[in-house]
Amino acid sequence: MTVDKLLERVLYVDLDKRRFHVEHRPELFEEAIGGTGVAIRLLHEECPEGADPMGPENPMIMAVGPMVGLYPLASKTVAMFKSPHTGNLGESHAGGRSAVALRLAGYGALVVRGVSNMPVYLVIDEAGVQFRDASALWGMHSSYTVGSVLREREAGSGLRSIMRIGRAGERGVTYACVITETFRHFGRLGLGTVWGSKGLKALVIRGKHALPVADRRAYRRTYDGIFETLTESSLMQKYHELGTAMNVLPLNELGALPTKNLQDARFEGAEAISGEALAEEYLGRRVACAHCPVACIHLATLRTSFPDKPYFYKTQLVGYDHEPIFATGSMLGLDEVNGMLSLLDEIEVHGLDAMSAGVALAWATEMLERELISLEDTDGVEFRWGNAEAYIEGAGKIVTQPTDFYKALARGVDHASSIYGGRDAALAFGGNEMPGYHTGPGCHVGYLTGARQSHLDSAGYSVDQKVAQSGESLTPSELAETLLEEERWRQVLTSLVICLFARNVYEPETVINSLEPLGISTTESELREIGARILREKNAFKEREGFSMDSLRIPERITETMSPLGQVDPAYMRETIEAYRQKL
Amino acid sequence: MFACARRFAEGGLAKSCIHVQSAGGIDKGFVVIVCRACPDPPCARVCPTDALLPREGGGVKLDIEECIGCGNCVEACPFGAILWDGEQNKPRVCVYCGYCAPHCPYGVLALEELEEAPHDRG
Ligand code: SF4
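These protein sequence lines map, in sequence, to chains C and S. Taken in order, the first sequence gives residues 3 to 586; the numbers are from the working numbering. Taken in order, the second sequence gives residues 855 to 976; the numbers are from the working numbering.
Isolated chain S (complex conformation) (with noise of 0.2 Å):
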């Protein structure tokens, strides 16, 4: 999370695209939700202003001066993959740098292209 925050140089969390949290309490574990690169992404489908598009490979574009901060996105999501930045009011997603992979310790996170629809690796 402060991996993503750092891509652009500054601490906290406002602009991170990828949120951790435990599964109902840290003895059952944590999960990381971040955006799944869906072929057919639901968020981009409810974009009024066409500001989120869908991208090649997979997930979403966004360009965030056509971007009305209206969230539909972020309810569309399923696994609520799109964030909040509530200091700009405009959505944060994952835009596959990876600058975030490096930065986990234990292997968690990593980079990959993939040949087959993310969804087949569950």
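Next comes chain C alone, as it looks inside the complex (with noise of 0.2 Å):
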């Protein structure tokens, strides 16, 4: 692979000496293409064995692809970091404008190191880095406010990115997220929590730098194929229409919805708080992330009244999406529509990842239910299926953490039950909280398994799936090896950061046909070669900070719900994580 001159260049930051430099690493996105790939690796040159993840030395890495500003849904920005949830890998991705920018500013990753003596917030574009004041923006109630104070303070507007953290991040609630673009998350396993260690409040990135091409004619005719797929053929309809939040009633109808801390998996209320029903009656605006046609980006319209003034509202705009409408719809138990928004945008302001979030919503009611804990420990909130002004409540409590048990569950539920009891409820696969599938082993295994401990590393819910519509069960080596090669394959998808709505349109041969006219050659088998290191390059990194699939928790809620395969088995778990370990 070669490379162009303005990926190759990594932006490094010193937060302890305000200072910065850009290196040539050619070599660096020849062998790893980028995103995922570059990350890995810097990640292994900069973090140190055992670095405390809230400690100086850990990195916060951001990496971008070589298709970036030249293909239509390149649209990701990887970022990697030691994961003060788990303590382990920490990987996340974002869209929105992020990976334009830093890849227009004229950079393919961003390293930052250290920490700052003060809040600071970055401001990056092609001449640098620039370090600025931000302990105005400190402690400030609602990351909107952060955001739209940067908007009118720095320049660029429709070329620039705008990351931030809320005071879920400053606080050391291990799952906080970093917000871009206001309704784009890097969600998982906290990044937000790194930045806040760091001192560093936002980044903004901007930048419109040129990108040629080897072969120009090539180019423009590999773009308007692939641009005619992505907007005439059906492949991304379902993400412009109802959006991921598809997925709800088909979820449900199959079983597979978990419900109130999957106590069940099915949802009464499911219907109330379906993608159809958001869409019909909510749905106030459709957007997308920069250079995609696509637009699956759902915001809901939220009208609230003031109670004691009358006539007086507020209206604003609520992003959601399948996962945020399980973790904080039928994960607890929530079928009225406002109550949920309402939750899900208090869940913004504070910037928290809203899944680990609601999943540990969920399992404080359970334990409140089970009195494993008391409203001494809730600090009087009463955490009951369904009432949303509670967990509203309750999410602001995990941010300012005023009893030990709000503390303890600032660290997911994983901490927490290790604590107070409720192990077999508490729903962390590799300490990260469960997303919104139960629909049998399959799933669940990719929780435990996959790099992120996420349901995008293998996509386990569709094996699970398709083993229902045929009927095939498969044995634990042939679901191993299956959730191994998609995972494999999704190391050169976010490598090349591709959006993974687009993995139908992004098959091999155009991917290969894609790079070509950049200038880069590469066969079907050398990007699956390369996939599968990177997939061993970050399980090495894993291993070496004490990861071990020989000592997973499962979960029993898991094994006790109905799931649409029948009751998940943990003995077949097991063994389908014995086989992946010895394939990997």
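Careful, some of the hints might be misleading.
[Claimed, not checked] Calculated cross-link-like contacts (lysine to aspartate or glutamate; reagent style EDC-like; alpha-carbon spacing at most 16 Å):
1. 409(C) / 379(C)
2. 316(C) / 881(S)
3. 585(C) / 531(C)
4. 7(C) / 864(S)
5. 915(S) / 904(S)
6. 944(S) / 967(S)
7. 869(S) / 967(S)
8. 882(S) / 154(C)
9. 944(S) / 917(S)
[As the list claims (entries may be wrong)] Covered stretches of chain C (in silico footprint by chain S; criterion: 3 or more residues with CB under 8 Å from a CB of chain S, positions within the stretch not fixed):
10. 30–42
11. 145–159
12. 215–229
13. 282–296
I should point out that these hints are in silico values taken from the structure, not numbers from a laboratory. From the three backbone atoms N, C-alpha and C, an ideal C-beta is built for every residue, glycine too.
Using the supplied hints, reconstruct the complex from the two chains, each of which is provided in its own coordinate frame.
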């Protein structure tokens, strides 16, 4: 692979000394493409063994890839760090304008080292880095306000990305997110917490470089072909119409929608919070990541009244997707849309990972029911299924941590249940709270073995559904192989930082054809080899930091609540995990 | 924006003549900034070298070789529709080729021949 001169530039920022420099690293991008592949290399280089995730030695890495700014849906930025949530590999992706901004500012990757002795935000453009005082933004109640202040203060509207953390990140909640362009997130594994520990409140990245190609004619031809597939075939239509929220009803019908802390897998209120209901009654706007014709981002209108002021309303937009709906809707037994959106809005204000926050609140509700915790622990908040006000209050208290219980909950359900009990119902996998699928063993093995403990690693939920349709079950070895193959290929896509929603458009052949005009010649087997190697590099990091497939905790709850494939058998899961480990 | 740059068969945004930005945050929606084909273009009036001349049918034509890169036109356009190519240090302005329109899947952009001056249409 060869690489253009802008992509190979890695921007190193030192927060201790407030300095920066650029290094040209063509070999890095030649061997590891970009995104995930480059980020894991940099993490190996930068993060010493046993590093304290909240300490100065934990680096914050972001990387983009060669297709960004050139092809549609090459829209993601990959962030890597050591996760304060799991104490292991931290990897989180986000779109918005982040990738295009970093690439067109003239960088392929960004490495932030050290800790600032005062709150700062950074402005990054082709001239380098400006360090700005963020002490007035630190502690600000709402992440929205931080966004609007920076929008007004900094130049580059339409060409920039504004990433920021909320108070959850400042206060060390281990699952704080980084918000980009208001409605997109580096959601998982506590990137926001790492920023908070570094005194880094926000990043403004802007740029509008030109990106020349090697074969101009072939570039335009390939582009138009992809564009046509994206816009004219039905492949992407569902993402535009209902968005990922289209999954709520089908999953519920299957009996795969985690409900009330997965005490159930069907939710009687699913209809009310479905993608269909939201699109019909609440959808206010659909937007897209930069350079994406699909526009899957769905924003609901939330109209709130002020009880003591007649005819006084506030109307705002709240982003929704399947995962936030599961986490703040079915998981909490919440079927009242305004309540659910208000909770999501509160989560956004604080900059929490909506998925972990929802699962944490669900676990707390069950603990209160089982009297493993008391109202004293919850600071008087009466968590009850469907009680939006309590959950909104609870989300705030996870951030302010008035009691020991909230201090524990601010580190996730794995940690909290190690103190208060209720491990059987603590739905974390490898330390990370569960995503919104209970489709069968495939999804759960995927959460456990996936490099980032995510449903996006190997899409086990989709394997389960195929098994359910065909009626032919897989042996542990077959399931492991299927998950592994998917996860390997996804390393290629996420190194090219292609949105995973476009995975059926960017088939291997299309990927190869789009790289060719950029002067990058490769083959499917070469790409697959690179993917497998990247995955091994990630797992090498994880093992180095103490991750072991043998000691993974399987929460009993997933084996108790019926899935569409019947009762999930922990022995079958263990065998699959072992097979996965061996094949890796 | 990307389609416009692709006219020159390149990626990135340096050569784009159309700009899209949020109207003060994504929740407020977006504005498209592009030359509105003024019948009596103020940008052309301030060009010291006549590199920017009124174009028949509205708008302007840029003779890039005559242009000295002073940036007067950028200041003069009330819509901010004259963009700047920092790499060439020259203005960029829409030439009404229509290449962008079919790349807008939601029909926000279209290339049309207008009888009346565009201002009459708001
Ligand atoms: S499909 Fe959605 S997430 Fe993916 S690039 Fe487009 S707008 Fe972004």
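Residue 882(S) paired with residue 154(C) [C-alpha distance capped at 16 Å]
14 Å, holds
Are there three or more residues in the stretch 30–42 of chain C whose C-beta lies within less than 8 Å of some C-beta in chain S?
This one is violated; 0 residues, fewer than the three required, reach chain S with a Cβ under 8 Å.
Against the 16 Å threshold, does the CA-CA distance of residue 944(S) and residue 967(S) hold or violate the hint?
It is violated: about 28 Å lies between the C-alpha atoms, which goes past 16 Å.
Next pair to validate is residue 869(S) with residue 967(S); report whether the Cα-Cα distance is within 16 Å.
24 Å, violated
With a Cβ-Cβ cutoff of 8 Å, does the stretch 215–229 of chain C contain at least three residues near chain S?
holds (count 7)
Can the restraint linking residue 915(S) and residue 904(S) be considered satisfied, given a maximum Cα separation of 16 Å?
With Cα atoms ~10 Å apart, residue 915(S) and residue 904(S) stay inside 16 Å; holds.
Holds or violated: are the alpha carbons of residue 316(C) and residue 881(S) at most 16 Å from each other?
13 Å, holds
Can you confirm whether the C-alpha distance between residue 585(C) and residue 531(C) stays at or below 16 Å?
14 Å, holds
Per-stretch coverage check for the stretch 145–159 of chain C, three Cβ contacts closer than 8 Å to chain S:
holds (count 4)
If you count the residues of the stretch 282–296 of chain C with a beta-carbon closer than 8 Å to a beta-carbon of chain S, do you get 3 or more?
It holds: at least three residues are needed, and the stretch 282–296 of chain C offers 4 whose Cβ sits within less than 8 Å of chain S.
When you check the alpha-carbon spacing of residue 944(S) and residue 917(S), does it fall within 16 Å?
11 Å, holds
If you draw a straight line from the CA of residue 7(C) to the CA of residue 864(S), is it 16 Å or shorter?
15 Å, holds
Of the numbered hints listed earlier, those contradicted by the structure are 6, 7 and 10.
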